[in-house]
Amino acid sequence: MKLSRKDILGIKELSVEEITLILDTADSFLEVSTREIKKVPTLRGKSVINLFYEASTRTRTSFEIAAKRLSADTINISASTSSVVKGETLIDTAKNIEAMNPDLIVIRHSAAGAPHMLASLLRQSIINAGDGAHEHPTQALLDMMTIRSRKGRIAGLKAAIIGDITHSRVARSNIHGLTKMGAHVVVSGPATMLPRDIETLGVVPCVRIEEAIKDADIIMMLRIQTEREKQNVFPSLREYAQYFSLNPKNIVLARKDCIVMHPGPMNRGVEISPEIADGSHSVILDQVTNGVAVRMALLYLLTGGNS
Amino acid sequence: MKLSRKDILGIKELSVEEITLILDTADSFLEVSTREIKKVPTLRGKSVINLFYEASTRTRTSFEIAAKRLSADTINISASTSSVVKGETLIDTAKNIEAMNPDLIVIRHSAAGAPHMLASLLRQSIINAGDGAHEHPTQALLDMMTIRSRKGRIAGLKAAIIGDITHSRVARSNIHGLTKMGAHVVVSGPATMLPRDIETLGVVPCVRIEEAIKDADIIMMLRIQTEREKQNVFPSLREYAQYFSLNPKNIVLARKDCIVMHPGPMNRGVEISPEIADGSHSVILDQVTNGVAVRMALLYLLTGGNS
Amino acid sequence: MKLSRKDILGIKELSVEEITLILDTADSFLEVSTREIKKVPTLRGKSVINLFYEASTRTRTSFEIAAKRLSADTINISASTSSVVKGETLIDTAKNIEAMNPDLIVIRHSAAGAPHMLASLLRQSIINAGDGAHEHPTQALLDMMTIRSRKGRIAGLKAAIIGDITHSRVARSNIHGLTKMGAHVVVSGPATMLPRDIETLGVVPCVRIEEAIKDADIIMMLRIQTEREKQNVFPSLREYAQYFSLNPKNIVLARKDCIVMHPGPMNRGVEISPEIADGSHSVILDQVTNGVAVRMALLYLLTGGNS
Numbered sequence: 006m007k008l009s010r011k012d013i014l015g016i017k018e019l020s021v022e023e024i025t026l027i028l029d030t031a032d033s034f035l036e037v038s039t040r041e042i043k044k045v046p047t048l049r050g051k052s053v054i055n056l057f058y059e060a061s062t063r064t065r066t067s068f069e070i071a072a073k074r075l076s077a078d079t080i081n082i083s084a085s086t087s088s089v090v091k092g093e094t095l096i097d098t099a100k101n102i103e104a105m106n107p108d109l110i111v112i113r114h115s116a117a118g119a120p121h122m123l124a125s126l127l128r129q130s131i132i133n134a135g136d137g138a139h140e141h142p143t144q145a146l147l148d149m150m151t152i153r154s155r156k157g158r159i160a161g162l163k164a165a166i167i168g169d170i171t172h173s174r175v176a177r178s179n180i181h182g183l184t185k186m187g188a189h190v191v192v193s194g195p196a197t198m199l200p201r202d203i204e205t206l207g208v209v210p211c212v213r214i215e216e217a218i219k220d221a222d223i224i225m226m227l228r229i230q231t232e233r234e235k236q237n238v239f240p241s242l243r244e245y246a247q248y249f250s251l252n253p254k255n256i257v258l259a260r261k262d263c264i265v266m267h268p269g270p271m272n273r274g275v276e277i278s279p280e281i282a283d284g285s286h287s288v289i290l291d292q293v294t295n296g297v298a299v300r301m302a303l304l305y306l307l308t309g310g311n312s
Numbered sequence: 006m007k008l009s010r011k012d013i014l015g016i017k018e019l020s021v022e023e024i025t026l027i028l029d030t031a032d033s034f035l036e037v038s039t040r041e042i043k044k045v046p047t048l049r050g051k052s053v054i055n056l057f058y059e060a061s062t063r064t065r066t067s068f069e070i071a072a073k074r075l076s077a078d079t080i081n082i083s084a085s086t087s088s089v090v091k092g093e094t095l096i097d098t099a100k101n102i103e104a105m106n107p108d109l110i111v112i113r114h115s116a117a118g119a120p121h122m123l124a125s126l127l128r129q130s131i132i133n134a135g136d137g138a139h140e141h142p143t144q145a146l147l148d149m150m151t152i153r154s155r156k157g158r159i160a161g162l163k164a165a166i167i168g169d170i171t172h173s174r175v176a177r178s179n180i181h182g183l184t185k186m187g188a189h190v191v192v193s194g195p196a197t198m199l200p201r202d203i204e205t206l207g208v209v210p211c212v213r214i215e216e217a218i219k220d221a222d223i224i225m226m227l228r229i230q231t232e233r234e235k236q237n238v239f240p241s242l243r244e245y246a247q248y249f250s251l252n253p254k255n256i257v258l259a260r261k262d263c264i265v266m267h268p269g270p271m272n273r274g275v276e277i278s279p280e281i282a283d284g285s286h287s288v289i290l291d292q293v294t295n296g297v298a299v300r301m302a303l304l305y306l307l308t309g310g311n312s
Numbered sequence: 006m007k008l009s010r011k012d013i014l015g016i017k018e019l020s021v022e023e024i025t026l027i028l029d030t031a032d033s034f035l036e037v038s039t040r041e042i043k044k045v046p047t048l049r050g051k052s053v054i055n056l057f058y059e060a061s062t063r064t065r066t067s068f069e070i071a072a073k074r075l076s077a078d079t080i081n082i083s084a085s086t087s088s089v090v091k092g093e094t095l096i097d098t099a100k101n102i103e104a105m106n107p108d109l110i111v112i113r114h115s116a117a118g119a120p121h122m123l124a125s126l127l128r129q130s131i132i133n134a135g136d137g138a139h140e141h142p143t144q145a146l147l148d149m150m151t152i153r154s155r156k157g158r159i160a161g162l163k164a165a166i167i168g169d170i171t172h173s174r175v176a177r178s179n180i181h182g183l184t185k186m187g188a189h190v191v192v193s194g195p196a197t198m199l200p201r202d203i204e205t206l207g208v209v210p211c212v213r214i215e216e217a218i219k220d221a222d223i224i225m226m227l228r229i230q231t232e233r234e235k236q237n238v239f240p241s242l243r244e245y246a247q248y249f250s251l252n253p254k255n256i257v258l259a260r261k262d263c264i265v266m267h268p269g270p271m272n273r274g275v276e277i278s279p280e281i282a283d284g285s286h287s288v289i290l291d292q293v294t295n296g297v298a299v300r301m302a303l304l305y306l307l308t309g310g311n312s
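Protein sequence lines, in the order shown, are assigned to chains A, B and C.
Remember, my numbering sits 5 above the position in the first sequence when you count from 1.
Remember, my numbering sits 5 above the position in the second sequence when you count from 1.
Remember, my numbering sits 5 above the position in the third sequence when you count from 1.
Treat the hints with care, as some may be off.
Identical copies go unnamed one by one, so any copy, or any two together, can satisfy a pair.
[To be verified] DSS-like mimics (lysine-lysine), calculated; alpha carbons at most 30 Å apart, straight line:
no.: 1; residue 1: K7; residue 2: K156
no.: 2; residue 1: K261; residue 2: K219
no.: 3; residue 1: K156; residue 2: K100
no.: 4; residue 1: K100; residue 2: K254
Note that these hints are calculated values from the structure, not bench results.
Construct the entire structure; sequences and hints are all you get.
Written as structure tokens, this is what we have:
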């Protein structure tokens, strides 16, 4: 089976079949990273541009490693060294990159919709590596891959997403993905961080974290952006930790075999206690490993590979 | 035929035969970037250092893509991360790079003549990727390649270069190249941006843009450095746009089949109106595509390849 | 013979046999960098992460070139673009990198001991590319390689190390290495830059540089960190240069066939006069060339190669 779309812009647009195809392909690529020779010639002669308007280690590194393991060439462009500083529009930057004939462009941008604009204007495949507070589809795909491999399925599970739901592209992509795949999704966070119409996305909001994580199979903790402390979105980091962190006391409410996820980077002691981050429920490092496999799968499928 | 020189420092030093050799070679490399597998093994085992003391997306990316399509290894060194911050002289930095035995060094530097100093001191081939207000030879070569492919020739054409002629290395390199290849070159811009002795370079200065672009086959718009607004070099961006932009009103003075060029990044609405930038005369994105081919040709010729 | 250790953290831990193995292997790799095709397939399919928390051109470039000449893939992570800015702990960053399954991590960090922490936590091989004022083992190895190739041996030679001994990881690694290999090591520098208990490391402190370099076979000048001038560690750069620089006047005290070394970047006119830096005794650029070979040797030996 082939993926019959040019771009990966969000989970919202993907069908259950497409998600399943991507996860199956990612499962098969997982093995490459454990070989002695971690390289297959699949994308030899293809070039992948990593166009990052926001700083990122893990996502950029994950895409770069994924591309190199497929033998593609990678070129990194970061905002600080780009023509952006010279006042060029994003469209002009993108058209310029297109004119150099790369095969695929991975973009992270602070503006929601930036990858979609590129996708509509450029003939190259675009992968959204995070756009504002909108979507972060590769994160949700690696999260679903992790759940599937740990739980054997996604459908029927209870997933609790905790934190700043309003501003989190990770939350949004996972809400689309997990509900689509048949999970029961609940969210919790301070009232200032829960969108008013969140039910329209098919999820149940909970005022207290305890209610959300009760009997949960999956607990997904979001990174709290500590710089928001000054914006009066929440009283203080200390109070946030007191009411919305995952810790040894409240995790007992979840299912005994629950898994704990975090997209990283973690604020230990704020949204997650160190005992939980490093504990037996945590699959946080599996997520990172699976991230390389998911990105290999997307690079492969978007350049014409079939499962 | 072989290129019998070690370095590409400026267009001024190149003969008509050398320019023709480079453009012919670039024409033949253009096809590589349109293949399914965009890679030839020509420079396997060679390493190219991109030593950029000034930020640049398009030029650095273009060189990096060119090198990778030829299977060379590329290493990027940018000023911000370099020993420059520790007060090392350019010569010492260069001698250190030489000692690591790369095959070719691409340098961009704010000081005119920096590439020439390296060329005289190092055994490696040096390509000038822009030195102060002096030369930007690869830009002029890709411009000439674009003209030749669109017009079939350069000789006999009228080329108008508009903007800050005094501070533009793009203008300087193109003036050398286009006059050498037999074009009739006129320049225009505010009086503060036209060198007094510009006629000695074989070009005709025009006070008004209308005079310059009249019957022109080629209109080359230069980027206005908006940061100069504060230096009283011109009254205001608005006034600059009013008197020296290329727009639908004045382009009718040029030949109907004229081509419009810009080295990028563009200030839309300042030196060029969006209608013109995206219009049917524009070959601006061709320039970018040809840039990769020109750089592949230079990397190939300087490492011993022949046409 | 194989290197039976996972990591290279410091010279202190290495035996004479291990140092000799590394230097012998480096000697054999030196030739690769002089070939027409400077690439061997030894590490194809391996990936090397350069994790640099401190800016560096020469060390990072040297490792990158070394890895590429062995056909490994390289991924650069620098502090400015990393999750560090988002407050992630070094351990979490490292565990994340581990989860992406690279083969080897090169780390430079301002904190002494950072590479050791990584080595104890990660299954990957770690190479210390400089940790605070602690060790810089690859520098000492390339220095010993240079001495051995110039002098035919290390044992029995007199080596003088001059400068800020207290804060220099280069000094510390070389003191461990040179004494281990049988050299007689003396050090000199302003009293504020000489550790009180330096004799315990098996070296002789000298108040005056003249005493230290007298009859020396090897003079190793350290970079003075000019930013320390303001910290009252020494009176002024001018006074430092007057009392502790190596120059044509005092070098006559050393052996006629002495060699002069400097880890770079040099402050010409401060710790070393230009005549000496560029003079016949200088092996400073040999050090750079040998640096690539030493790093190739370490990448090779740590990934399972044998001599």
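Hints and how they fare:
no. : hint        : in the structure
1   : K7 / K156   : within (26 Å within a copy, 43 Å between copies)
2   : K261 / K219 : within (11 Å within a copy, 73 Å between copies)
3   : K156 / K100 : between (43 Å within a copy, 23 Å between copies)
4   : K100 / K254 : between (53 Å within a copy, 26 Å between copies)
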